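S.K.: Here is what each chain is made of, one letter per residue.
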Amino acid sequence: MTELSIKINGENITADVEPRLSLADFIRDHRRLTGTHLGCEHGVCGACTVLMNGEPVRSCITFAAVADGTEITTIEGFDDDEPMAQLRQAFHENHALQCGYCTPGMLVAARDIVTRLPDADEDRVRLELAGNLCRCTGYVGIVNAILSVLERRRA
Amino acid sequence: MKPAKFEHKRMTSLDDVVKVLGEADGETRVLGGGQSLGPMMNLRLAQPDVVLDLSRVEGLADIEEAGDVLKIGARVTHARIEDVEVPGTTGAYMQFVASGISYRSVRNRGTIGGSVAHSDPAADWPSALLALGGDVIAAGPNGVRTISLDGFTMGPFTTGLGYDEVLTGFELPVLGADARWGYYKVNRKPGEFADAIGAVTIGSAPRAVCGATESAPFRVPEIEEKLAAGAQEISVADVRTVLEGHDAGFDDYELQIHAVALSRAVKRAFA
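First to last, the sequence lines map onto chains A and B.
All residue numbers for the first sequence refer to the numbering used here, where the first residue is 1038 and numbers rise by one.
All residue numbers for the second sequence refer to the numbering used here, where the first residue is 13 and numbers rise by one.
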């Protein structure tokens, strides 16, 4: 077992975990924060994307023990976050989800796009989204939602 | 998709890492960002007994220009290189390569040293750095040594590192302002592992690399000579003829996409 001290959505947590436990499984099974979804579990689909120290990472291929000392924000931790509030509304208006499985990771990736790349155009948004798979929407609604938030934030 | 059991050891210094590697009983792997080893462990392709976590080892994430050498720490992430923290023409080349590696959320964790030490034939850095030239820095029981990038990558998951050595960084050449570079990766979707890589840097001594092979990336002297003689375009057919003379084990399709990659890398260098 390995000791772990971590901050998730503002809460300081210490735990003793198995080394092979992924950060995603720690978040879901140990903290019951089931908004973080697991798709491929090898870093391809993006469903498990969370913020680590403010930057998006794949929680399925990051061991919990390695995340020791970091600050994690999961989809449950964005209640008071302005860009995320804008994205939630835009996803709703643009029908940017159907089944919702990819949505938590999609929103975290989208937040990274609108905050890191304020001048992104459609091609860039689509390129950045290459790491998040959605099998329902065909991406049109998602891309439109992100573009609308980018435009709103530029105004 | 859960890894086999292993022991996780948090390292606090390079001396610790070298000591533990030397005394290891069973398979021991050094974990940098974990973006290649992590998936391989989830798929149980890799089942190390012990994982040495470098997260708390300091001094491995610096970028420093020292005269005609660029020192890059092993734990510098692809994202930092994408965000142009490496200066000059070498930095511009590396920025282009880094921005095409996987996805941003992987680039935030994945490291240049981890990529080269892991040595997946389809990864970008083993090919990209071979086209740049320079040295790998490794720490071992007898101190620090440099290993030329030429020949460092020997094959899939096999490098010139000793079992008790750890890759700590790179010393890379500073390309002049007038140097040219081109990098082309064949893959079906942005961010995927490459099916073929072509990489060229054209400074005082041009270097051309055929990468993402079944084994190690290799330099192509015939192409380098053409570039040194001033060639600004080399057709796919010409590259293909040259590659046919190399014993790379390509089938017809692989030969073609590797020829396309290298030809387009040259084209990009002069675009």
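No wet-lab data here; the hints were simulated from the structure.
You may find that some hints are simply not true.
[To be verified] Examples of chain A residues lying across from chain B (beta carbon under 8 Å, computed):
hint	residue
1	Ala1052
2	Arg1069
3	Gly1076
4	Glu1078
5	His1079
6	Glu1092
7	Pro1093
8	Arg1095
9	Thr1099
10	Phe1100
11	Thr1152
12	Pro1155
13	Asp1156
14	Leu1164
15	Gly1168
From a predicted model like this one, the values you see are computed outputs, not experimental measurements.
The beta carbon of each residue, even a glycine, is placed where N, CA and C say it ideally should be.
S.K.: Does the nearest C-beta of chain B fall within a distance shorter than 8 Å of the C-beta of Ala1052 of chain A?
M.R.: 14 Å, violated
S.K.: Given a cut of 8 Å on the nearest C-beta pair, is the interface hint for Arg1095 of chain A held or broken against chain B?
M.R.: The hint holds - Arg1095 of chain A has a Cβ within 8 Å of chain B, the shortest such distance being about 5 Å.
S.K.: Given Thr1099 of chain A as an interface hint, is its Cβ closer than 8 Å to any Cβ of chain B?
M.R.: Since chain B brings a Cβ to about 6 Å from Thr1099 of chain A, closer than 8 Å, the hint holds.
S.K.: Double-check Arg1069 of chain A for me: the hint is only fine if its C-beta lies closer than 8 Å to a C-beta in chain B.
M.R.: Hint on Arg1069 of chain A: violated, closest Cβ of chain B at ~19 Å, above 8 Å.
S.K.: Thr1152 of chain A was flagged as interface toward chain B. Is the shortest Cβ-Cβ separation under 8 Å?
M.R.: 12 Å, violated
S.K.: Any CB of chain B closer than 8 Å to the CB of Glu1092 of chain A?
M.R.: 4 Å, holds
S.K.: Against chain B, is Gly1076 of chain A within 8 Å by beta-carbon distance?
M.R.: 10 Å, violated
S.K.: Tell me if Asp1156 of chain A is really an interface residue toward chain B, meaning its C-beta lies closer than 8 Å to one of theirs.
M.R.: At about 15 Å, which exceeds the 8 Å cut-off, the nearest Cβ of chain B leaves the hint on Asp1156 of chain A violated.
S.K.: Using Cβ atoms only, decide whether Phe1100 of chain A comes closer than 8 Å to chain B, and label the hint accordingly.
M.R.: 7 Å, holds
S.K.: Under 8 Å, Cβ to Cβ, is where Glu1078 of chain A needs to be relative to chain B, so tell me if that hint holds or is violated.
M.R.: 4 Å, holds
S.K.: Holds or violated: Gly1168 of chain A as interface residue toward chain B, Cβ cutoff 8 Å?
M.R.: 3 Å, holds
S.K.: Can you verify the interface hint for His1079 of chain A: is its Cβ closer than 8 Å to any Cβ in chain B?
M.R.: Given a least distance of 4 Å, the restraint on His1079 of chain A holds.
Consistency with the previously given hints fails for numbers 1, 2, 3, 11, 12 and 13, ordered from lowest to highest.
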